[in-house]
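Protein sequences appear in the order of chains A and B.
Residue numbering for the first sequence follows the numbering used here, beginning at 1 and increasing consecutively.
Residue numbering for the second sequence follows the numbering used here, beginning at 1 and increasing consecutively.
Certain hints may be false.
Claimed, not checked - Heads up, incomplete: computed chain A residues facing chain B, CB under 10 Å, no partners named:
1. E11
2. I58
3. F123
These aren't lab readings, by the way, just hints derived from the structure by calculation.
Each residue gets a CB set at the ideal place from its N, CA and C atoms; glycine is no exception.
Next come the chains, spelled out residue by residue.
Protein chains: 2
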Amino acid sequence: MKRYRCVMSYEGTNYCGWQVQPNGTSIQGEIERALAVILKHPCRVMGAGRTDAGVHAIGQVAHFETEVAFEIRRLLHSLNGLLPQDIRILSLESVESTFHAQYSAQRKIYRYRIWQDPIVDPFLRRIVCHDKRSFCEMRLQQVLKYFEGTHDFAAFVNQGTPVNSTIRTIYRAELIKEKGGFSLEFEGNGFLYKMVRNLVGTLLDIGCGKQDPSLLPILFDSKDRRLASAAAPACGLCLKQVLY
Amino acid sequence: MKRYRCVMSYEGTNYCGWQVQPNGTSIQGEIERALAVILKHPCRVMGAGRTDAGVHAIGQVAHFETEVAFEIRRLLHSLNGLLPQDIRILSLESVESTFHAQYSAQRKIYRYRIWQDPIVDPFLRRIVCHDKRSFCEMRLQQVLKYFEGTHDFAAFVNQGTPVNSTIRTIYRAELIKEKGGFSLEFEGNGFLYKMVRNLVGTLLDIGCGKQDPSLLPILFDSKDRRLASAAAPACGLCLKQVLY
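Required output: the full structure, derived from the provided sequences and hints.
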């Protein structure tokens, strides 16, 4: 068996998320289906992380195995030929069998894009979250700093796949000004189910004054999801890069 | 009657073009419908130019008239509230009754975007034309220079609305390098039906060597549409700006 690693970009708007679901079309399912056609055997594709319904990626990573010999460039071309246009395989390479898209990942970078201007650019409408509230930049920066470091993020996790621990490290939580608004970039050693969107939800509520910054220590201490804000919408989120 | 001028941006993918058609949803139709709801009377919207099915705009201009008094900011907000998200009114202002979106226009700028890399960015797939042929930049520049000036563009006009004259002036025909490929920008005093796409079709065929540059004088002299290349696909085209 030979193992391969691929990097993918997708617009998640029309999908139920990365992971194969009983109902709905998933990114993973589409790629597995295309691979099965080409390789002529069922082929499980293991992603670095599960992006939710409507979440995008410009640097999702996955691996798969096959005994079928093929020319890599050709497989890449055939895959993109079979896949819908909103899913693209950007690169494909053979890797050691010890490589695991999920377990070998050291860091992930997520980007959340907020559109502030009253009128949303129609060409960006699927990849931004429109939030017209006015934010205090100093306050946003203050909260972002607070997120950085190793914390128990239990208050920012939705019920989903069971995990051993809700402790994660965020190396960088940064605000980047952009056309129409700003982006929030999070680089961490791992992110729990809906964690980025939950962090953003609380961050924005504090940033606009709806919540007080004094809520933060309470959230981290109580580990109570119900005290934090609702998750920010999926459409603004993008998995930017997975580092190994 | 008071006259108003609006600037619009739209992703044309889902529309049969600017102009109201018996079958299909048009940009003009959507805006007229939204205006009729707000103003409570039928309202004709006159555009600066008719963009074809699938063609986009970031600076289309139109005018309309009404006797209903309203606050401009509020109307702008209500219009965008009623319109689908792929059509946005960017600005609205009252103008002299002598202003005419089409007849007062002095110049228009169209942009045609070509994606060259083998893999199309999924986030740009609706607004670029994928053309993997390899182009000689010097040749493209040579053809662009040839297009500039006042010419009879009869060989680049499709049958459509009858026109008095097929003579137009192109002030600027420019190649701009961009992520994944390049754009072609055309600034002229007016463009005939499918003219930009026809110019681009011929330009690219000459640029990749499928046609010889010596075809150009033949095209302009013969005025024969059948000698020119097929129109480039609609999805790459965008009405960038209308100058008054």
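Right, here's what the structure says about each hint:
no. : hint : result
1   : E11  : holds (5 Å)
2   : I58  : holds (8 Å)
3   : F123 : holds (6 Å)
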